[in-house]
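Line order of the protein sequences matches chains A and B. Here UniProt numbering is used: the first residue of the first sequence is 1, the next is one more, and so on. Here UniProt numbering is used: the first residue of the second sequence is 1, the next is one more, and so on.
Fair warning: there could be bad hints in the mix.
To be verified - Calculated lysine-lysine pairs in the DSS-like style (CA-CA distance at most 30 angstroms, straight line):
1) A:222 to B:38
2) A:164 to B:38
3) B:44 to A:104
4) A:106 to B:38
5) A:106 to B:44
6) B:38 to A:103
7) B:284 to A:264
8) A:116 to B:44
Unchecked claim - Here are some, though not all, of the chain A residues that point toward chain B, as calculated from beta-carbon distances under 8 angstroms:
9) 34
10) 38
11) 46
12) 50
13) 66
14) 186
15) 187
Hints in this document: simulated from the structure, not taken from any laboratory. Every residue gets a Cβ at the ideal spot worked out from N, C-alpha and C, and that includes glycine.
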Amino acid sequence: MARRVSTRRKAITTLAAWSVGFLIFFPILWTVLTSFKTEAQAIADPPLFLGFDWTLENYAVVQERSDYLRFLWNSVIIAGGSTLLGTMVAIPAAWAMAFVPGKKTKDILLWMLSTKMLPAVGVLYPIYLIFIQLGLLDSRIGLVVVLMLCNLPIIVWMLYTYFKEIPGEILEAARMDGATLREEILYVLTPMAVPGIASTILLNIILAWNEAFWTLNLTAAKAAPLTAFIASYSSPEGLFYAKLSAASTLAIAPILILGWFSQKQLVRGLTFGAVK
Amino acid sequence: MATQHSRAAARLMMAPAVVLLLGWMLVPLIMTLTFSFKKYLPLKGGDLGWVGFENYIRFFTASAFWPSVLSTLILVGGVLAITVVLGVLLALLLDQPFWGQGIVRILVIAPFFVMPTVSALVWKNMFMDPVNGLFAHLFKAFGAQPYDWLSQSPLLSIIVIVAWQWLPFATLILLTAIQSLDSEQLEAAEMDGAPVLARFGYIVLPHLARAITVVILIQTIFLLSIFAEIFVTTQGSFGTKTLTYLIYQRVLESQNVGLGSAGGIFAVILANIVAIFLMRIVGKNLDA
């Protein structure tokens, strides 16, 4: 039963919670607002909140100057490709571990997780070297593979925790009715697993989209995604706040929207089931 | 029940994931380990032969080593302290009933989805800039001298940026944990006249202990390899050179692969020490 709370107390909590929420969100809000200002308005003192002439000029400049769409396309390919590839490898593995657990299943799961904890900088040069030898430097396919491997442990884990919740009896019933392994997976398991698979894909697209070690170090001009696009704004040149804001808004908007859909899965995905 | 047949099939289905991850782990790691015992200068002749532990000795005795350890500890410790304390407070607040819970939750979680290069650049320029940043305007409005955040307190500035990114994560996990607390227990304590602080200290905090541990361990692993935030703000100058950044500079900027690899092996060992504790908790939960 929910605790009963006086209206006054609820009003105070509401005020406090909204204030804190606004404060935490403020840098994002400020960035979005600034992106619609002119450069002069962007640095006005006192700062302008809403009373300025809204303009889309910065967006046009950013697209023209740094070719936003090309970076966006790279981000989409890299984040989407690595996630899909990872999911295809992970689904059978997670299925096997959830429904045909053996003595070693737990060890394998924990070992997979431990590979996620390798600090990337420790293997930077070997990967760099391998990339040079295979001609993968500054290629999208190279990054797709690296980010797929980076996130594979999380994908396997998330899928495993979702599959675990599907009652095994249903699968047994299907088996008794004479379903083959293939039919069992395709017609019984998959429909039940779709929501879990969807959330896994969503969270991993976000993680890959924001990954900023490999994407910064293994790309130059051709395959650079949005993380590198923004990094190119790190040396200031004259008045550039409004343009920086427009570029930032463009880089985070797609994933912010996806992120809000996936917030419920975040806890499960990032704590590996240690907190429920 | 698992038959012989399905067990073989299961092994086959796991194989691709296991083989890929095994390769991803072993191949680069063995290469790094090999390089760490070699004089390896790609721009000055490449592989110049074995040198034993010389790289390790040089890495650990270099004047940049201890400062980088200190910077790393301050960065990780500072971010953990801020995110855990504020995270607990925020989780307690958001757990109370109020209007618009869904929207506030979305506002609070948002920074987690902002890519590191964006949040670092936005904070650096639009908030912390000593001339045009919002903080400078704010200071001036109160008649104070604007503060040049990134050159006067560079490490603190980076801590603030990173803490802002990770606070949502801590809050969300702690909130999830608080919501699983049995409210009857709290009500009973309230009826028995336990004051708010006692209720927090004896019921809520112990209940949160495991979630806090998990937050600390997972964040530590990610925070140890903070890179982009330093890359686009200070480039490792002014005492913000963490271990990760130091190794990165050794390997890619000065192209001393042997030396950098020795540091890399050290970073791997360090991360593994943290990982062992996390694995224990996760593993225990797996049995339950």
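- Run the structure past the numbered hints and jot down the numbers of the failing ones, going up. 1, 2, 3, 4, 5, 6, 8, 10, 12, 13, 14 and 15
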